[in-house]
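Got chain A sorted already, so can you dock chain B onto it with the hints?
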Amino acid sequence: MLRLDHIDAGYGGGRVLQDVSLEVDAGEIVCLLGRNGAGKTTCMQAIMGLLPLMAGRITLAGQEINRLPAHQVPKAGIGYVPQGRRLFAGLSVAQNLEIGLRARGSGRDTLEEVLDLFPRLRDRPDQPAQTLSGGEQQMLATARALCLRPKLLLLDEPTEGLQPSMIEAIRRAIVQMRDAGVAVLLVEQRVDAVLSVADRVAFIENGRNGEVMQAEALRADRSIVERYIGV
Amino acid sequence: MEIGPYILLASLEGAVTAAVLALTAVGLSLVFGVMRVVNIAHGEFFMLGAVLAWWVANTVGGHPAIGFAAALIVAPVLVGVLAALADMTILKRLNYDPERTIVATIGLLYILQQLTLMTYGPDARPVEAPFNQRIALPWIEHTEAGWQMYYPWGLSTTSYKLAVIGAAAAVLAGVWAMMARTRIGLLMRATQADREMALAFGIPVEKVYALVFGIGAGLAALAAVLIVPIQQAHYLMGADPLLLSFIVVIIGGLGSLPGTVVAALLIGLSDGIISVFFSPTLAKILATLLVGLVLVFRPRGLFGTRAP
Numbered sequence: 001m002l003r004l005d006h007i008d009a010g011y012g013g014g015r016v017l018q019d020v021s022l023e024v025d026a027g028e029i030v031c032l033l034g035r036n037g038a039g040k041t042t043c044m045q046a047i048m049g050l051l052p053l054m055a056g057r058i059t060l061a062g063q064e065i066n067r068l069p070a071h072q073v074p075k076a077g078i079g080y081v082p083q084g085r086r087l088f089a090g091l092s093v094a095q096n097l098e099i100g101l102r103a104r105g106s107g108r109d110t111l112e113e114v115l116d117l118f119p120r121l122r123d124r125p126d127q128p129a130q131t132l133s134g135g136e137q138q139m140l141a142t143a144r145a146l147c148l149r150p151k152l153l154l155l156d157e158p159t160e161g162l163q164p165s166m167i168e169a170i171r172r173a174i175v176q177m178r179d180a181g182v183a184v185l186l187v188e189q190r191v192d193a194v195l196s197v198a199d200r201v202a203f204i205e206n207g208r209n210g211e212v213m214q215a216e217a218l219r220a221d222r223s224i225v226e227r228y229i230g231v
Numbered sequence: 001m002e003i004g005p006y007i008l009l010a011s012l013e014g015a016v017t018a019a020v021l022a023l024t025a026v027g028l029s030l031v032f033g034v035m036r037v038v039n040i041a042h043g044e045f046f047m048l049g050a051v052l053a054w055w056v057a058n059t060v061g062g063h064p065a066i067g068f069a070a071a072l073i074v075a076p077v078l079v080g081v082l083a084a085l086a087d088m089t090i091l092k093r094l095n096y097d098p099e100r101t102i103v104a105t106i107g108l109l110y111i112l113q114q115l116t117l118m119t120y121g122p123d124a125r126p127v128e129a130p131f132n133q134r135i136a137l138p139w140i141e142h143t144e145a146g147w148q149m150y151y152p153w154g155l156s157t158t159s160y161k162l163a164v165i166g167a168a169a170a171v172l173a174g175v176w177a178m179m180a181r182t183r184i185g186l187l188m189r190a191t192q193a194d195r196e197m198a199l200a201f202g203i204p205v206e207k208v209y210a211l212v213f214g215i216g217a218g219l220a221a222l223a224a225v226l227i228v229p230i231q232q233a234h235y236l237m238g239a240d241p242l243l244l245s246f247i248v249v250i251i252g253g254l255g256s257l258p259g260t261v262v263a264a265l266l267i268g269l270s271d272g273i274i275s276v277f278f279s280p281t282l283a284k285i286l287a288t289l290l291v292g293l294v295l296v297f298r299p300r301g302l303f304g305t306r307a308p
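Protein sequence lines, in the order shown, are assigned to chains A and B. At the far end of the first sequence sits residue 231, using UniProt numbering, and the numbering has no gaps. At the far end of the second sequence sits residue 308, using UniProt numbering, and the numbering has no gaps.
Bound conformation, chain A alone (with noise of 0.2 Å):
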């Protein structure tokens, strides 16, 4: 489904990623794993084209979108959660939705999807978002990228400062979606929340690609993480 050729992309002239190569299918999750600052948010951000790429390709489904302008991208089937959830503060619970329902013109219908996963959002839709907790904010920031019907959903640190409750809630989202064929590529600090959802895991060093495992086979033998994360 998502298939990364080759990419360097950076800030400003500098290169974070080099060569990165990746490949996420239907109906799978990928974990992205490795240190703080080696490059895990902004390969999600290359794929979004919130950053320029300086070589290779990204393709989704067989067509490129790295040629596209930024406000395209997610139009081809990409639901992005961000680092930090960054809802749009100042608009609702409803607005909010709205806005992911907006980009590929989805209806009531997949709204109601969408809520049934999370139905604590289903009682506060005119709640301004900033206003809700951490864990509900999570929960909409996810409900947002569903909005769109993703091919693709990029999940950078869903769980990050949640209380184990909404971990299970955002957990179970996240496999339902697999299972529904979504590919899922997911950015995560704690391995073992990583080991118990992902059926592979790739990681990256220094902006590099690092090796490629079955989740399955770290499952039993734990040594290759540390080598990759720990301190």
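Read the hints as simulated data drawn from the structure, not as lab findings. There may be inaccurate statements among the hints.
[Unchecked claim] Per label pair, the in silico range of CB-to-CB distance:
no., chain 1, residue 1, chain 2, residue 2, range
1, B, E99, A, R122, 36 to 46 Å
2, B, R181, A, G105, 52 to 62 Å
3, B, L236, A, G105, 46 to 56 Å
4, B, A136, A, R108, 54 to 64 Å
5, A, Q130, B, V60, 45 to 55 Å
A virtual CB, placed ideally from N, CA and C, is assigned to each residue, including glycine.
Relative to the frame of chain A, chain B by itself:
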């Protein structure tokens, strides 16, 4: 005449100033709020509105009301389109960098001003008001025979000035409704909240920016069309509205529309009252002092929220 009627008269004059100032400042505030662009050329869009109003009114001819009505539509639309073009050709190329756009809009200021001087010339020219009946205002006074209503000499306003206040209030209500109730207002507010996320959710941010810049300039031009029957059109008339708009926007809180309107009322009314009782210079001194105090003690303005 006692002090009471004087205060009423001064407040009415101040309310006209406040109405025009509110429109101009809301335009500036909208552009800063959504785009984070400090538009130094805002006063020149105001000036262009007035000059175009004169040109349209003179071209159309006939009854003054016809020319004025045409100017009321044509001038803000033309100025808005011009501003949107300036956004697409200049600001977009600078990637909306906050510092470089300040320099660019300073350049735009001089280009617009000097082009006006070259074509329209250095004269101040009037536009005739569409209607202008003098309205005497009553005052009540306690005499030996009880409360009595009478018309003090000199206490009057014109129907046109009242219409300016009404029109400004209606347009401001319209701007509020656009931001709060419409689809395009929602996209503008989302862009204001987080530009990158707006892109990541498919909002054509560049088109939103061009529209916002056009609307901001159009509001300044509209304010100028309303005031030009009272003030005359001149190629240097943009300086005062620019300064006062910045004062108002800083006091009200950058990017806050309600704050901008409240601050415009505060500055407009106090300007009117202080000018009548003391001097216009003292009014400007106090307004500038207030800005200083706000910047020291409440840098986000009276209604400002934290910048993202």
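These are the hints, each one checked on the structure:
{"no.": "1", "hint": "E99/B / R122/A: 36 to 46 Å", "result": "45 Å, holds"}
{"no.": "2", "hint": "R181/B / G105/A: 52 to 62 Å", "result": "21 Å, violated"}
{"no.": "3", "hint": "L236/B / G105/A: 46 to 56 Å", "result": "50 Å, holds"}
{"no.": "4", "hint": "A136/B / R108/A: 54 to 64 Å", "result": "59 Å, holds"}
{"no.": "5", "hint": "Q130/A / V60/B: 45 to 55 Å", "result": "50 Å, holds"}
Taken one by one, the earlier hints fail for this structure only at number 2.
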